[in-house]
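Letter by letter, the chains look like this.
There are 2 protein chains.
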Amino acid sequence: MDVRELAADYAALVAAGKMDEAADKHWAEDVVTVEAMPGEMSRTAGKAEAQAKAQWWYDNHEIHAFRSEGPFVNGDSFLIVMDIDVTPKGGERMQMREVVGYRVADGKVVEERYYY
Amino acid sequence: MDVRELAADYAALVAAGKMDEAADKHWAEDVVTVEAMPGEMSRTAGKAEAQAKAQWWYDNHEIHAFRSEGPFVNGDSFLIVMDIDVTPKGGERMQMREVVGYRVADGKVVEERYYY
Numbered sequence: 001m002d003v004r005e006l007a008a009d010y011a012a013l014v015a016a017g018k019m020d021e022a023a024d025k026h027w028a029e030d031v032v033t034v035e036a037m038p039g040e041m042s043r044t045a046g047k048a049e050a051q052a053k054a055q056w057w058y059d060n061h062e063i064h065a066f067r068s069e070g071p072f073v074n075g076d077s078f079l080i081v082m083d084i085d086v087t088p089k090g091g092e093r094m095q096m097r098e099v100v101g102y103r104v105a106d107g108k109v110v111e112e113r114y115y116y
Numbered sequence: 001m002d003v004r005e006l007a008a009d010y011a012a013l014v015a016a017g018k019m020d021e022a023a024d025k026h027w028a029e030d031v032v033t034v035e036a037m038p039g040e041m042s043r044t045a046g047k048a049e050a051q052a053k054a055q056w057w058y059d060n061h062e063i064h065a066f067r068s069e070g071p072f073v074n075g076d077s078f079l080i081v082m083d084i085d086v087t088p089k090g091g092e093r094m095q096m097r098e099v100v101g102y103r104v105a106d107g108k109v110v111e112e113r114y115y116y
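Sequences listed follow chains A and B, in order.
First residue of the first sequence? That's 1 in the working numbering, and the numbers climb one at a time after it.
First residue of the second sequence? That's 1 in the working numbering, and the numbers climb one at a time after it.
Bear in mind the hints are in silico, worked out from the structure with no lab data behind them.
Just so we're clear, the structure is a prediction, and the values are computed from it rather than from any experiment.
A virtual CB, placed ideally from N, CA and C, is assigned to each residue, including glycine.
Hints are not guaranteed to be accurate.
[Stated by the list, open to error] Cβ-to-Cβ under 8 Å is the rule here; a few derived chain A residues that face chain B:
| # | residue |
| --- | --- |
| 1 | Val32 |
| 2 | Val34 |
| 3 | Ala36 |
| 4 | Gly39 |
| 5 | Leu79 |
| 6 | Ile84 |
| 7 | Val99 |
| 8 | Arg113 |
| 9 | Tyr115 |
| 10 | Tyr116 |
[As the list claims (entries may be wrong)] Restraint ranges, calculated between C-beta atoms of paired labels, are given here:
| # | chain 1 | residue 1 | chain 2 | residue 2 | range |
| --- | --- | --- | --- | --- | --- |
| 11 | A | Gly17 | B | Arg93 | 28 to 36 Å |
| 12 | A | Trp57 | B | Gly75 | 28 to 36 Å |
| 13 | B | Glu98 | A | Asp9 | 19 to 27 Å |
| 14 | B | Ala52 | A | Asp9 | 47 to 55 Å |
| 15 | A | Ala8 | B | Arg93 | 20 to 28 Å |
| 16 | B | Tyr58 | A | Glu40 | 45 to 53 Å |
| 17 | A | Ala105 | B | Gly75 | 15 to 23 Å |
| 18 | A | Gly17 | B | Gly75 | 22 to 30 Å |
| 19 | A | Gln95 | B | Trp57 | 27 to 35 Å |
| 20 | B | Glu62 | A | Asp85 | 32 to 40 Å |
| 21 | A | His61 | B | Gln55 | 40 to 48 Å |
| 22 | A | Glu5 | B | Gly91 | 23 to 31 Å |
| 23 | B | Gly75 | A | Lys25 | 25 to 33 Å |
| 24 | B | Val34 | A | Ala8 | 39 to 47 Å |
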């Protein structure tokens, strides 16, 4: 599976709301995730830590609607634009719009990077 | 000027159609540009070569409308989403939607990368 094929499959799973399946299927064991902002979980290393961060996020946010667009591909990297209508636990409902970048090596996603 | 300030200024110039001014003001002398597709100008090195490529593009495309969104920032990088309603010389009018990534070092844009 080349980068453009992987990107298309990944983006289709995300568009269908199957983020977990996309991660299970395509993340490398040593995947790194990088948030735009500093903080406790601004950087994770390894699939288990990345999945724990994702689970924390799901446990602490109520998602009302989700839409994604992409992939946009260049070389070993691709981008997905995401719109999330969300209420953080104890917070105000908000419309998040962000771009998530993925870098591929040896047929697996080795880096996830949030831009906003 | 930190990355988020530079990104905001760059994106504002692009949104105003002032791509040349954004490049003049913010590109490093050794800026590298990387297209998504292979080809003669898939990679340029240096500001003069990058500006020559841009000039070639303007000379060979008629732009009917342009819209941009962003910046989306992470660390030393930022993204701008671009919509271009364009007719290539001798070709069919088309709607291009792409994301352009910029990497900053020492307060200057050192890399421009097209995703589509």
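Practice prompt. Starting from the hint list further up, note which numbers the structure goes against and sort them upward.
Written response: 1, 4, 6, 12, 14, 24
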